[in-house]
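> Residue numbers (full-length UniProt numbering), protein chains in the order written: chain A, 1 to 226; chain B, 1 to 226.
For the record, the hints were derived by calculation from the structure and aren't laboratory data. One or more of the hints may lead you astray.
Same chains, same names: a pair is fine if it fits in one copy or spans any two.
Unchecked claim - List of simulated lysine-lysine pairs, DSSO-like, C-alpha gap at most 30 Å: (1) K111 / K30; (2) K124 / K30; (3) K124 / K166; (4) K166 / K111; (5) K54 / K166; (6) K111 / K54; (7) K54 / K44.
2 protein chains.
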Amino acid sequence: MIELYELCGANPAHLFSPFCWRVRMALVHKGLSFRSNPTCFTDKELIAFSGQGKVPVIRDGDTVVYDSLAIFAYLDSQYPEQPLLGDAVASARAKAIDALCTSVLRGGLLKMVLLRVLQASDPKDHAYFRSTREAFFSDTLENVDNPEQGQALLEAAWPVLAAVLKTQPYFDGDEPAGADYLVFGYFMWAYTLGIAPWQDNAPVNDWFNRLLNIYEAQRGTVVRTA
Amino acid sequence: MIELYELCGANPAHLFSPFCWRVRMALVHKGLSFRSNPTCFTDKELIAFSGQGKVPVIRDGDTVVYDSLAIFAYLDSQYPEQPLLGDAVASARAKAIDALCTSVLRGGLLKMVLLRVLQASDPKDHAYFRSTREAFFSDTLENVDNPEQGQALLEAAWPVLAAVLKTQPYFDGDEPAGADYLVFGYFMWAYTLGIAPWQDNAPVNDWFNRLLNIYEAQRGTVVRTA
């Protein structure tokens, strides 16, 4: 049984980390049993065995792996059925798709979810979340968070993703695999925090719903911010 | 010997079609001998054997293939060494990278090259080029062409591509393959027509120069608009 350490909010069943969602989808894709270990931002002692301080982390027997892409590579090496990344070229392409989509999506989504993350997180995490993010942005959460501006940035992002999804159902072709989950993580960041700003862009919305349905059919309804 | 029908300008050695450059790079990648058949826009009779009117077209013995992606797939099926697209998932990812990059590059580049294509093309092609493109755009070439606006659009595109190329040397990883050539074609569209608007973005410019150097080392200096 693989142990998955993944970020949770005040509700331990409320999972909203884009990088943890990647790993959750990867485990479901491979059909691997896993046990969730909900981890708050400040539960550093829970994952101290990994030698670093960020989720996602998996422990599989004696092996500990952190970082979503490293976990994908580990799962492919250990459980080669249903590849996530595939061979060297396929893997490089998945990382390229991730980088291209991150580049067009992340900034806009961040402005829409930042305060939602704060509100969803456990009260014991609030000071930590605020201080680390404000140091990173050199600005207050309230100044960076700007849903209207985020939505405007994302209006330019959807056609870029739709250029792919109007010609093939998934980034990985006829069936989803690693590249889809890398991108889907960002969507779950927004979705689990209560928004779906892509919902008026049909090819993107349809792709998201196909993946969400695959997940929920196996693991049940996702907990979202009301 | 593969026959390659590819777009040329008034100078038959001046090749500036992005889609023809994809195929030329693919043939060089595979190490396949080919003979160039420079084809003006209006040399429709030269490629009538293909049953349609656009280059690139290849004839390989009795087999005729048109459309750059179809040619890539054909070359992989017939000459599997040095894959361009690879298996189904790798191929879907290459197409996704193409669609993502096309979406962020094409509009800006078009505004920078449109009149340059007219000026480079054979005089016998001018009326055809103008009438087909003006019908497509529902506007004059002179109104669509706008290099300053194109450059401004592209300033938003380079960081998107750089997000990939700052972490891996090629879209395909450590060595170039099909996804790189799909994107590189657009760059050769601009470069052969005398501009290199990416030259101040180091990761993108370095990637372009690596590919150009690989090509020129084998096939000699590329003919460009002065």
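> State for each hint whether it applies.
Hint by hint, here is what the structure shows:
1. In this assembly of identical chains, K111 and K30 lie within 30 Å of each other by CA distance neither inside one copy nor across copies; the values are 33 Å within and 46 Å between.
2. Taking CA atoms no more than 30 Å apart as the test, K124 paired with K30 passes in neither setting, with 34 Å inside one copy and 59 Å between copies.
3. For a Cα distance limit of 30 Å, the shortest separation of K124 from K166 qualifies neither inside one copy, at 44 Å, nor across copies, at 37 Å.
4. Taking the shortest alpha-carbon separations for K166 and K111, both the intra-copy value of 27 Å and the inter-copy value of 25 Å come in at or below 30 Å.
5. In this assembly of identical chains, the alpha carbons of K54 and K166 lie at most 30 Å apart only when taken from different copies (24 Å versus 36 Å within one copy).
6. In the homo-oligomer, the alpha carbons of K111 and K54 lie at most 30 Å apart inside one protomer (22 Å), although the nearest pairing across protomers, at 45 Å, exceeds that limit.
7. Taking the shortest alpha-carbon separations for K54 and K44, only the intra-copy value of 8 Å comes in at or below 30 Å, while the best inter-copy value is 61 Å.
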